[in-house]
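A.B. asks: Sequence:
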Amino acid sequence: MAGIRVTADLEIPAEQLQRTFARSSGPGGQNVNKVNSKATLRWTPAENFLSPGAWRRFQRLAQRFFTVDGTVVIQSQEHRDQAQNIEACERKLRIMIRQALVPPKPRVATKPTAASRRRRLNEKKQLGEKKQRRNFRPGTHE
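Numbering (the numbering used here), first residue to last: -3 to 138.
Note that these hints are calculated values from the structure, not bench results. Keep in mind that the hints are not guaranteed to be accurate.
[What the hints assert, rightly or not] Once the Cα atoms are required to be at most 27 Å apart in a straight line, the calculated DSSO-like pairs of lysine-lysine come out as:
(1) Lys101 <-> Lys88
(2) Lys120 <-> Lys107
(3) Lys107 <-> Lys121
[Stated by the list, open to error] Restraint-style ranges between C-beta atoms, simulated for each label pair:
(4) Arg113 <-> Leu57: 32 to 40 Å
(5) Arg116 <-> Arg52: 31 to 39 Å
(6) Ala18 <-> Gln95: 24 to 32 Å
(7) Pro48 <-> Ala79: 44 to 52 Å
(8) Phe17 <-> Pro108: 53 to 61 Å
Ideal placement from N, C-alpha and C gives every residue a C-beta, glycine not left out.
Using the sequences and the hints, build the whole thing.
C.D. replies: Okay, here's the thing in structure tokens:
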């Protein structure tokens, strides 16, 4: 069993991975009752595998895949072939880690333009006037 190459310089070692297979539900005809095509990939990440920032981003991205003890469990039964399902699990894990490696672009605070402030105030004034016209005045309705 080999590790998973995430990027050119980052690989999940095989010792941290466990692949298991089970019978899959869904299409497959008579074959579905005979072949273990559903793949489950378990990853027990080592400390310092990712930088602290990337690790927090990964935890947020993959929170539904974490177990109570900190293992990441990804399952796939979308294909009728065991090899394709394990590849799908590895692909999901690879994509999530790559997304976590990209730091978010820092937000640059900007001030609203004079024109946008004018537009906002005009819209507020028009909305206030519309609500004022809706006011119920006694004696005007019968």
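A.B. asks: Between the beta carbons of Phe17 and Pro108, is the distance compatible with 53 to 61 Å?
C.D. replies: holds, 57 Å
A.B. asks: Taking the CB of Arg116 and the CB of Arg52, does the distance hold inside 31 to 39 Å?
C.D. replies: Hint holds: Cβ distance 36 Å, inside 31 to 39 Å.
A.B. asks: Range first: 24 to 32 Å. Now tell me if the beta carbons of Ala18 and Gln95 are that far apart.
C.D. replies: holds, 28 Å
A.B. asks: Does the alpha-carbon distance linking Lys120 and Lys107 stay inside the 27 Å limit?
C.D. replies: Cα-Cα ~19 Å, so holds.
A.B. asks: What's the verdict on Lys107 and Lys121, does the C-alpha distance respect the 27 Å limit or exceed it?
C.D. replies: holds, 22 Å
A.B. asks: Is Lys101 within 27 Å of Lys88, Cα to Cα?
C.D. replies: holds, 23 Å
A.B. asks: Range first: 44 to 52 Å. Now tell me if the beta carbons of Pro48 and Ala79 are that far apart.
C.D. replies: About 35 Å separates the Cβ atoms of Pro48 and Ala79, which means 44 to 52 Å is violated.
A.B. asks: Just tell me: holds or violated, for the beta carbon distance of Arg113 and Leu57 against 32 to 40 Å?
C.D. replies: holds, 37 Å
The earlier numbered hint that this structure contradicts is number 7, and it is the only one.
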